[in-house]
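My request is simple: use the sequences and hints to build the entire structure.
Chains as they are written, first to last, in my numbering: chain S, 1 to 155; chain Z, 1 to 123.
No wet-lab data here; the hints were simulated from the structure.
Since we're looking at a predicted model, the values are computed, not measured.
Nothing false has been slipped in among the hints.
For lysine-lysine, the following DSS-like pairs were computed, each having C-alpha atoms within a straight-line distance of at most 27 Å: (1) LYS140(S) to LYS76(Z); (2) LYS50(Z) to LYS140(S); (3) LYS140(S) to LYS110(Z); (4) LYS85(S) to LYS11(Z); (5) LYS50(Z) to LYS87(S); (6) LYS89(S) to LYS26(Z); (7) LYS85(S) to LYS20(Z); (8) LYS26(Z) to LYS85(S); (9) LYS89(S) to LYS11(Z); (10) LYS50(Z) to LYS63(S); (11) LYS89(S) to LYS63(S); (12) LYS85(S) to LYS22(Z); (13) LYS26(Z) to LYS87(S); (14) LYS63(S) to LYS11(Z).
Chain Z residues, not near chain S, derived (Cβ > 12 Å throughout): (15) GLY18; (16) SER19; (17) LYS26; (18) THR59; (19) LEU83; (20) PRO90; (21) PHE91; (22) TRP97; (23) LYS98; (24) GLU101; (25) LYS108; (26) PHE109; (27) GLU116; (28) ASP117; (29) GLU118.
Just so it is clear, CB atoms sit at the ideal spot from N, CA and C, and this is done for glycine as well.
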Amino acid sequence: MKRIKAIREIMKKVKDELVVTSPGMISREVYWVKDRPENFYVLGTMGAALGIGIGLALFLERKVIVIIGDGDALINLGSLVLMNKLKLKNLELIILDNNSYQSCGGQPSCSDAIDFKKICKCKVIRVSESDFQVPRIPLKPEEIMRRFYNVINRA
Amino acid sequence: MLESMGWVEMKAKFGVPGSKLKEKIKDVEIYCTSEEEAMALAAGAWLAGKQPEVYMQNTGLCRSLNIILTLYKPYKIPLPKLLLSNRKYPFHHYYVWKYTEDLLRISKFKKIERIEDEENKSN
Chain S
1 MKRIKAIREI MKKVKDELVV TSPGMISREV YWVKDRPENF YVLGTMGAAL
51 GIGIGLALFL ERKVIVIIGD GDALINLGSL VLMNKLKLKN LELIILDNNS
101 YQSCGGQPSC SDAIDFKKIC KCKVIRVSES DFQVPRIPLK PEEIMRRFYN
151 VINRA
Chain Z
1 MLESMGWVEM KAKFGVPGSK LKEKIKDVEI YCTSEEEAMA LAAGAWLAGK
51 QPEVYMQNTG LCRSLNIILT LYKPYKIPLP KLLLSNRKYP FHHYYVWKYT
101 EDLLRISKFK KIERIEDEEN KSN
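Set out below in structure tokens:
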């Protein structure tokens with residue numbers, strides 16, 4: 001399945017869940033498919049999206065969906081282990097696995113040497129490169145943070 | 001929300017243990033797998049409306065710099081309170097100790113509680 005099709009299918013089902021995404025094409029495609037204040041795009045920090053999702057899910061009743069690539073999962077496998085330890089019922093992890101660092105040149109990753117589902121409960125979707133490249137997200141990081149923070153903490 | 005642990009609510013206090021920290025982290029139930037991960041959990045906790053705290057040895061500042069400079073600073077997320085064990089002894093801690101003030105100058109934590117190593121005590 002093309003990555004953007006997988007993202008369209010995930011985002012079609014999203015209602016009021018918080019969504020945290022990893023850097024690169026995943027964040028960009030989620031933005032262009034369905035931007036909303038409840039989305040937190042991690043633009044520069046590899047391996048942080050799941051930790052942020054865990055931090056959110058620990059203190060909120062609301063469901064949190066974390067969408068990351070295989071490279072992002074590999075750079076911080078420890079967070080998958082922590083996720084398995086905590087077993088938060090309001091946290092869902094989706095790994096879009098194209099076995100490569102597609103956002104920076106398509107170099108092969110080592111994801112073919114591991115089964116993420118053996119580390120923690122997660123959904124792994126095998127994806128191939130999308131047919132077209134969406135532009136960068138035209139939001140400043142502070143704007144992404146502020147509207148996300150407000151959607152959780154207002155009221 | 002924790003399914004199986006039976007806690008009312010976990011404290012927003014994340015980090016990696018250190019021998020000089022043990023008296024200060026007796027209230028912690030689950031430890032993070034790295035200091036950068038602790039900083040990521042703290043960012044999520046802050047976005048969820050909490051006032052998180054992180055704890056680490058000074059060497060953990062090296063691991064934390066990435067998320068501080070690529071997430072906390074550009075997104076203007078306030079840094080958590082830092083409980084820092086500033087290791088100097090034995091010798092393998094020396095170089096990180098030597099540059100700890102530089103790491104703190106770069107990171108700009110506002111609230112820091114420090115535990116300094118005592119002269120020539122190795123544990």
